[in-house]
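Chemist: Can you build the whole structure from these sequences, using the hints too?
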Amino acid sequence: MCVVGIPGDNEVRVTHAAKDFKRVFDVNVLGGFLGAKYAARVMVLFKKGCILFTASLASKISIGLPHAHKASKHAVAGLTKSLSVELGEHGIRVNCISPNGIVTPTFQKVIGNFDKKKGEEMFAVSAVLKGTVLDPEDFAHAALNLASDEAKFISGVNLPVDGAYSVSNQSWKMGFAALSE
1 MCVVGIPGDN EVRVTHAAKD FKRVFDVNVL GGFLGAKYAA RVMVLFKKGC ILFTASLASK
61 ISIGLPHAHK ASKHAVAGLT KSLSVELGEH GIRVNCISPN GIVTPTFQKV IGNFDKKKGE
121 EMFAVSAVLK GTVLDPEDFA HAALNLASDE AKFISGVNLP VDGAYSVSNQ SWKMGFAALS
181 E
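Position 155 of the sequence shown, counted from 1, bears residue number 155 in the UniProt record's numbering, the numbering being contiguous throughout.
Read the hints as simulated data drawn from the structure, not as lab findings.
For every residue, glycine included, the Cβ atom is placed at its ideal position computed from N, Cα and C.
Please note: incorrect hints may appear among the correct ones.
As the list claims (entries may be wrong) - Okay, derived cross-link-like pairs now, DSS-like style, lysine-lysine, Cα gap no bigger than 27 Å in a straight line:
(1) K152 with K47
(2) K81 with K37
(3) K118 with K130
(4) K22 with K109
Unchecked claim - Label-pair ranges, simulated between beta-carbon atoms:
(5) P105 with G156: 25 to 33 Å
(6) F153 with K22: 36 to 44 Å
(7) V42 with K130: 40 to 48 Å
(8) L30 with E150: 29 to 37 Å
(9) K109 with D26: 15 to 23 Å
(10) K47 with F107: 32 to 40 Å
Modeler: Here's what the structure looks like:
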């Protein structure tokens with residue numbers, strides 16, 4: 001499993017966002033590519049294997065994150081598709097997981113050092129699936145499922161683990177709320 005990723009600087013405006021772009025791509029895309037390259041060399045010999053990448057909800061929808069991070073996660077999702085075609089002929093499955101935000105120390109640092117409970121409350125307010133928050137174990141369960149033999153015919157997939165967030169339009173709620181004021 002390739003769990004590589006850095007968000008880059010916190011700048012979200014295109015006019016100010018270039019300084020960190022290459023470093024983010026080197027870690028998020030090239031790092032994952034090289035991991036897959038060397039894993040595939042062994043897997044090809046055995047005619048079986050599973051490569052899992054970590055993308056982000058930012059590879060599915062545009063959210064307020066730095067451009068370098070969003071673009072790199074789109075590249076990881078694209079790499080998943082292209083490698084699944086190339087390596088499929090060797091019995092190797094390639095997928096990626098795109099989680100919504102998980103309140104980790106890295107996330108807390110990027111957003112602004114606040115406590116875990118406050119971060120979870122932030123996600124809960126905008127969540128579609130109410131009554132729960134995404135935690136690292138949810139991500140791990142998705143990874144275990146995709147890596148298992150039960151998922152033997154699943155390849156080339158970018159699996160959102162986001163409680164339906166990527167298939168909703170939260171802007172509608174804001175628009176209707178504005179009408180009722």
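Chemist: Each of the hints needs a verdict: does it hold here or not?
Modeler: Now the hints, each set against the structure:
no.: 1; hint: K152 with K47; result: 13 Å, holds
no.: 2; hint: K81 with K37; result: 14 Å, holds
no.: 3; hint: K118 with K130; result: 16 Å, holds
no.: 4; hint: K22 with K109; result: 21 Å, holds
no.: 5; hint: P105 with G156: 25 to 33 Å; result: 32 Å, holds
no.: 6; hint: F153 with K22: 36 to 44 Å; result: 37 Å, holds
no.: 7; hint: V42 with K130: 40 to 48 Å; result: 44 Å, holds
no.: 8; hint: L30 with E150: 29 to 37 Å; result: 31 Å, holds
no.: 9; hint: K109 with D26: 15 to 23 Å; result: 20 Å, holds
no.: 10; hint: K47 with F107: 32 to 40 Å; result: 39 Å, holds
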